[in-house]
Amino acid sequence: MSEPLIYDIGSPGRQGATLPVCDVPITPIPSELVRANLDLPEVSELQVVRHFTRLSSLNYSIDKGFYPLGSCTMKYNPKVNEDMARLAGFAQLHPLVDNEGAQGALALMYQLQQWLAEISGFKAVSLAPAAGAQGEFAGILMIRKYHLDRGDTKRTKILIPNSAHGTNPATVTMAGFVAVELPADANGDVDLKALREACDDTVAGMMITVPNTLGLFESHILEVVNAVHDCGGLMYMDGANMNALMGVVKPGELGFDVMHYNLHKTFSTPHGGGGPGSGPVGVGEKLVPFLPGPVVTISEEATGDEEAPLYAMTMPPKSIGRLKAFYGNFGMHVRAFTYIAINGDQGIKDITRHAVLNANYIRVKLQDTYKIPYNRACGHEFVLEGHFEGVENIHALDISKRLMDYGFHPPTNYFPLIVPEALMIEPTESEDKATLDGFIDTMKKIAAEAHENPDLLRSAPHTAPVSRLDEVRAAKQLVLCCRPIPEQGG
Amino acid sequence: MLAAIGVTTIEDLFDAVPSSHRFPKLDLPAPLSEMEVTAELSAMAEANDHAGDFAIFRGAGAYHHFIPSALGHIVSRGEFLTAYTPYQPEISQGTLQAIFEYQSMMCSLTGMDAANASHYDGATSLAEAVTVALEAGRGKRKKIILSPAINPQYRAVVRTYHQGRELKIAGDSGRADISDLVEMLDDQTAMLAVQYPNYFGQIDDLNKLAEKVHAAGALLVLVVNPLALGLLKSPGELGADIVVGEGQPLGISLSFGGPYLGFFACRTEYVRKIAGRIVGETLDQDGRRAFVMTLRPREQDIRRDKASSNICTNQGLMSLTAAIYLSLMGKHGMRKVAELCYHKAHYAAHQIDLLLGFRVDTSKPFFHEFVVKCPRPVAELNALLVEKGILGGIDLGVDYPHLKDHMLIAVTEMNSKAEIDALVDALKETIQ
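Taken in order, these protein sequences are the chains called C and Z. Using this note's numbering, read the first sequence as starting at 1 and increasing by one per residue. Using this note's numbering, read the second sequence as starting at 1001 and increasing by one per residue.
All the pointers check out, no bait thrown in.
Non-contacting residues of chain Z with respect to chain C, defined by C-beta distances greater than 12 Å in every case (computed):
{"id": "1", "residue": "Ala1170"}
{"id": "2", "residue": "Ile1178"}
{"id": "3", "residue": "Met1184"}
{"id": "4", "residue": "Lys1428"}
{"id": "5", "residue": "Thr1430"}
Okay, the calculated bits of chain Z under chain C, using three or more residues with CB under 8 Å as the criterion:
{"id": "6", "stretch": "1070-1081"}
{"id": "7", "stretch": "1149-1157"}
{"id": "8", "stretch": "1289-1297"}
Cβ-Cβ distance ranges computed for the label pairs, FRET-style:
{"id": "9", "chain 1": "Z", "residue 1": "Arg1175", "chain 2": "C", "residue 2": "Ala194", "range": "52 to 60 Å"}
{"id": "10", "chain 1": "Z", "residue 1": "Gln1432", "chain 2": "C", "residue 2": "Pro309", "range": "31 to 39 Å"}
{"id": "11", "chain 1": "C", "residue 1": "Glu471", "chain 2": "Z", "residue 2": "Asn1207", "range": "35 to 43 Å"}
{"id": "12", "chain 1": "C", "residue 1": "Thr463", "chain 2": "Z", "residue 2": "Gly1052", "range": "40 to 48 Å"}
{"id": "13", "chain 1": "Z", "residue 1": "Lys1364", "chain 2": "C", "residue 2": "Cys22", "range": "18 to 26 Å"}
{"id": "14", "chain 1": "C", "residue 1": "Pro373", "chain 2": "Z", "residue 2": "Ala1003", "range": "23 to 31 Å"}
{"id": "15", "chain 1": "Z", "residue 1": "Glu1034", "chain 2": "C", "residue 2": "Arg196", "range": "46 to 54 Å"}
None of these hints come from the bench; they were simulated from the model. Here the structure is a predicted model, which is why all the values come from computation and not from measurement. Every residue gets a Cβ at the ideal spot worked out from N, C-alpha and C, and that includes glycine.
Work out the full structure, taking the sequences as your base and the hints as a guide.
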């Protein structure tokens, strides 16, 4: 049974929210300013609640089950985070309150900047970017401005391994650079020879994901960093995979100049069906003046033991500028702060250790059933190939859809691009052994089904709210809005 | 588990990390219990001057509006909150249909043919509109015209986004009005953008603007307050090509500036050029109506360095919030709340204008924000208002030097007559 559209529920005159009677004198509104018609639903509160509750039941979610979605770090989102973000003092705080009226919020942001810098070994952090992609963009703009500030105008290229996420090359183009792809070697690492050949005085920097998108820690990471630094370039680390690194290694200490964090991955802020994210950037000494702003600084040190310092919003001197209105996704900062405070030093280390343990456990348990290219100790995720020798026309997608029938969310499909029929599996630290074993058994069962009754996979899912969709039809007969096109002027 | 993997300790799994840098000291505080963290954060939250304790007359891009109770209950559901991007449509129909309904309602509000699933906020939506306009001009038109009456932060974000590209930004360095902006149109112009109502709350006469912009071969981009569209003529009626804005007034809490909702709507001809996620209707294999992310080849994960934007996320939960808000308010509630804002703002403006030394700018019609020339520096006035539990308007002189001693006051349905009268009395006291 499909859920009707909200526009198709209700009847004329209904309204789902009450409003007070106007308690001031009415001012006539000039009729030429007023719109002809407003085509919105007319539904009661109960109809709205039932409609969206029924829609919610059509979703898979972390609260419902295991989400081994590689590169997305779908860990449990602790409920207390939500309560903290909804405290009136945060949720009802106007962004243009003067610094004096926002000391609590500024103290929280300052502390989070410090904690994130400590976790990754950087000199300073800006919380301004609204999401990982914006953090990347900020990072590349900082590299650009750094070179221009030194009067170096010939650096036009950014190097990117071919295993990179699509945002990396898109970011490079957006910032006005040319993306140059580097091949991987037989071991899944950056090909050092190709890297050294590409390094010259036209290279502005390199973007690299650590561990890489195969889930592998680069075997020669220090050589990679040095090669780029030696030609005058800066190193950008995509921090999407920080869940594999906390307490294990600090990117700043490896020589990286800039990195973005994904608070919605590593620091447990909820994905919300696609956002909001939050993508702070951390930088080494060289890039501190270029950080996107504003950042929170201490304007007056504490005088006595009991006194708190005075915090202020500041624009760094050579800042690349504002990335959005106001100060980043503050609600996400509150959640990440809560998460770090509850976990503390030991908890943060344990997150990475258990995430990596879980990924390696699944990898080893599935290595006899599925082909795993580059099969060595992985980080928090690994990639296997979703096809079988001797079985025609079974793809990673079919395995994914069949997993739904068993109550699991599928792994990431077809990424990274350098592995055929890629299925990227990231269990996170949230799951216990029983859940992992259940997933492993199911993956083995599906492999058996692929040999015995492959149509079962090809026609999956069988138990989801809908079957496979006609995506070609969606793109060709574009229906993006359910209402008739209103009258337009111009 | 370790035995199955074939190692003796978890630490053995990290051999690939250079030993010189492996397992550094982590200087973080000891773990706290949920009870302790709640106490600590509650204290931090209460250190802020928030709307629970203050009467808010501050807007300038973030507005204090009523949020119906049902909204918070629905949005907090784990099925929405903890779901990923709907790349697997068979088990994401809840998110997908909600986005489709959001897109439909944004089309209704703006009078456009299509809307995407959202950008980060109003400012970044405008920056993305610039990219679309430059593409629509086939890369040959490299100039854009921005009204100085667009939110200064939005204009700053456009400059941040496009600093790596060859782009000339005209119009916003001085005090240009709409007719001055029209004068700047030429065959190099890709777009002209104005805010409606503008940053000062005023409703400019835009009736002939689209015709002139189109005659020059450029696109008309409107930056709008969606709540005002409950009452005001739609951007579609005004001939806009692209409509962007901040969706925060649609049920999203102030939250110190984020997360908010950047909406983006446009005419059909630009749909294939816009960035970000878009949800479309289709059928499943059994012929049932269903929804799916569509036009995917525009996006960065497929198009890589040829993509026009790197955006991956949308403000999923915020677009859901707006969809629920628009459903609860509906056709009639949206009109009523906009009217309440209008009447209360006009009452406040009238009362303040009666005060000796205060002058309200009534040169143009306004919606729920207005400019007041003050007899004393705005910072001084605000310091006095804070003592009375009132958050006054922002100081316009900071971004507009010619508006020194001018305050931008916002009034919404949340401000009772008693609150407005208290503001007027407090302002009166500052000059006695």
